[in-house]
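Chains A and B, in that order, are what the protein sequence lines are.
According to UniProt numbering, the first sequence is numbered sequentially starting from 1.
According to UniProt numbering, the second sequence is numbered sequentially starting from 1.
In case anyone wonders, no lab produced these hints; they're calculated from the structure.
There's no promise every hint is true.
In silico contact screen, one side only, chain A against chain B (beta carbon under 7 Å); selected entries [stated by the list, open to error]:
#1 C26
#2 L55
#3 A79
#4 R82
#5 L96
#6 G98
#7 S110
#8 P116
#9 R120
#10 V208
Some chain B residues close to chain A (C-beta under 8 Å, calculated; not the full set) [as the list claims (entries may be wrong)]:
#11 L2
#12 L5
#13 A11
#14 G13
#15 E280
#16 L283
#17 L284
#18 A286
#19 L287
#20 M365
Virtual Cβ for every residue (Gly too), placed ideally from N, Cα, C.
In case you want the letters, here they are:
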Amino acid sequence: MSLELSDVTVALGSGDARTTVLDGVCARFSPGTVTALVGPSGSGKSTLLAVAGALLRPDDGQVLLDGRDLAALGDSQRARVRREHIGYMFQSGNLLSGLTAVEQLLAAASIAGRRPRRLRHRAEELLAAVGVGHRLTHRAEQLSGGERQRVALARALLLAPALLLVDEPTAAVDRSQAGTLTELIAASTHEHGCVTVVATHDPAVSEVADHRLDMAALTGAATGARRADQP
Amino acid sequence: MLLPLLELRAARGRFVLMGTVVLLVAALVGTVSGFTTGLTDDTVSALRRLPATHVAFSPDAKTDQFARSLVDERTLRGWRGQDGLEAAPLGVSLTRGTSDRGAEVDMAAFGVEPGSFLDPGADRGAPLGTEPDGIVISQDLVDEGLRVGDTVVVDRLGIKLPVTGVTGHSAYGHVPVAYLPVDTWQRLRFSTPGAPAGPSAEVPRQYSAIALRADDGAGLTGTDRELGTRTVPLKDSYAAAPGYSGERITMTSIQAFLYVIGPLVVGSFFSVWTVQRQPELALLRALGASRRRLLGHTLLQAGVVVVAGTAAGGALAAGIGLLVGGAVPFSLPAATLLTALAAFALVGLAGTALTLRRVTRSDPMTMLGANR
Ligand SMILES: Nc1ncnc2c1ncn2[C@@H]1O[C@H](COP(=O)(O)OP(=O)(O)O)[C@@H](O)[C@H]1O
Ligand SMILES: [Mg+2]
């Protein structure tokens, strides 16, 4: 599965606060590669992920996931794409309150129409892999910020999605954990052949990535000439 | 299925609280409907069991007709002369007496012609007409200490009424019923305390009303005009029983309030809860849950709370009924309870419907807002 954005334009806010966040963005992402989306805070990284993740419909342009234009889909069809093909770790606000770490993953599986019971073992493995194996039955409120983000990453990986979107995975963790998480993202990308886009301002992450895409190069005048996967 | 149950568990404190409120309101619904049935029963069960279709009163009586109305023998003969119906005289009055074993009882004296279609017969003992002035008492009077073989002396009048038989449950205006031969009833109704009592005394040949068994009510108005009576269907005559209308209005309005309170309470709980979990709803939408699915979850949760709370409330009401049933007019047949509770659960769920729009309106894009 491949992902291609062409001439994507997004304006956010209303009235005087309305700003063009993405202006004619073109980018292509290939399966089995990790693309680091870098740029300063406020440069539109999260917005771009939201567009790619079928959360946000662009004002203009196309978002082609395996040739299908997400921008042209209706509300419920986009929800379907999200639950069936996309693993998403949001920048924050990832967990359902009152549910344990394992249940966060099983709930997502159940939304995707999968049998939660069959995935419990896999869920526990993944939680151990992101380093919260000792917190399986802790509820969201009982986890630290970094632990929550790691649970969210495990959830994004659980169903081996075709498109993996990760927003600031290392913002709340220490250096060595950051390394573990980045390697995990890279390993599962290469293993499952998914399209992976990681928004980050952490150089350690962009070093591990297969490609590096600077927001500064993406926004501005739309030429359609910039390609993410061109070296 | 997993997710709504996990959410229920996560917020179990609140749901238990809510369920308890539903339980208490449902118990109140059950109890009130038990009292409604019980009171109605205690007021009009004697009328309800009359095997008549209509009752003809004298036209001057507008309220409390059984006590006020008087019709004479000529009118009775007139009604008996009509085609397509049967007519039987009925006397109704409230009295009190003392049995030879010392039991003091209030009685609603129902005078009927032995052998007429109003004659209740006897489940135990002998029916009316087997003994002069012999009466057949309702089960309720047995509960008050009378039995076959007793003789009840009517207070102040001194008329002696031997109890010959017992029939089933029958009460009128919260007073247990005794059936008398109609001429005995006339003596009881028209005698003056202190005046010589006995078969010899001259009493008016009058009745409270004429019970009719008509094939259809079509021709009755014409006969009414001809004979100077006012005929109403049996059901409408319930309102003539003392206290009936007042009790009905009271109980019905209490029930109406409960049926409004229930959905409002449940509805506001779910609306507050939905507002509070907007972040969760947005996250679920962002993870790909459809609006339909979130709706279903909320309905399922409401169903669990409402059904469990209502069922427990029903059990509580039934328990209350068992505890107080003997002492007060409380009657809660399973069908009545189930109907009341099913209606309550339905309006309770309808209350949740008020909040459904909020559930579907949650915007997954707020996940992006949470990002900064
Ligand atoms: N609802 C909104 N109204 C107006 N501006 C917004 C809104 N949401 C985001 N923005 C703007 O969009 C820009 C990009 O935001 P974001 O994609 O979160 O950047 P990043 O993730 O790179 O920090 C920011 O400058 C932000 O102020
Ligand atoms: Mg961001």
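Does the closest beta carbon of chain B sit nearer than 7 Å to the beta carbon of R82 (chain A)? holds, 4 Å
With chain A as the partner, please determine if L287 (chain B) meets the hint condition of a C-beta pair closer than 8 Å. holds, 5 Å
May I ask you to test the interface hint for V208 (chain A) with respect to chain B, counting a Cβ-Cβ separation under 7 Å as satisfied? violated, 22 Å
Does G98 (chain A) pass the interface hint, meaning its C-beta sits closer than 7 Å to a C-beta of chain B? holds, 2 Å
May I ask you to test the interface hint for A11 (chain B) with respect to chain A, counting a Cβ-Cβ separation under 8 Å as satisfied? holds, 6 Å
Is the hint on L55 (chain A) kept, meaning its closest Cβ partner in chain B is under 7 Å away? OK, holds: L55 (chain A) within 7 Å of chain B, min 5 Å.
Per-residue hint verdict: C26 (chain A), partner chain B, C-beta under 7 Å: violated, 21 Å
Please verify that hint: R120 (chain A), Cβ, nearest Cβ of chain B, below 7 Å or not. violated, 11 Å
Interface hint check: M365 (chain B), Cβ to nearest Cβ on chain A, cutoff 8 Å. Holds or violated? holds, 6 Å
Double-check G13 (chain B) for me: the hint is only fine if its C-beta lies closer than 8 Å to a C-beta in chain A. violated, 10 Å
So, S110 (chain A) near chain B? Judge it on the closest CB pair being under 7 Å. Where the cut-off is 7 Å and the nearest Cβ of chain B is about 4 Å from S110 (chain A), the hint holds.
Does the interface hint hold: is P116 (chain A) within less than 7 Å of chain B, judged Cβ to Cβ? holds, 5 Å
When each numbered hint is compared with the structure, violations occur for hints 1, 9, 10, 12 and 14.
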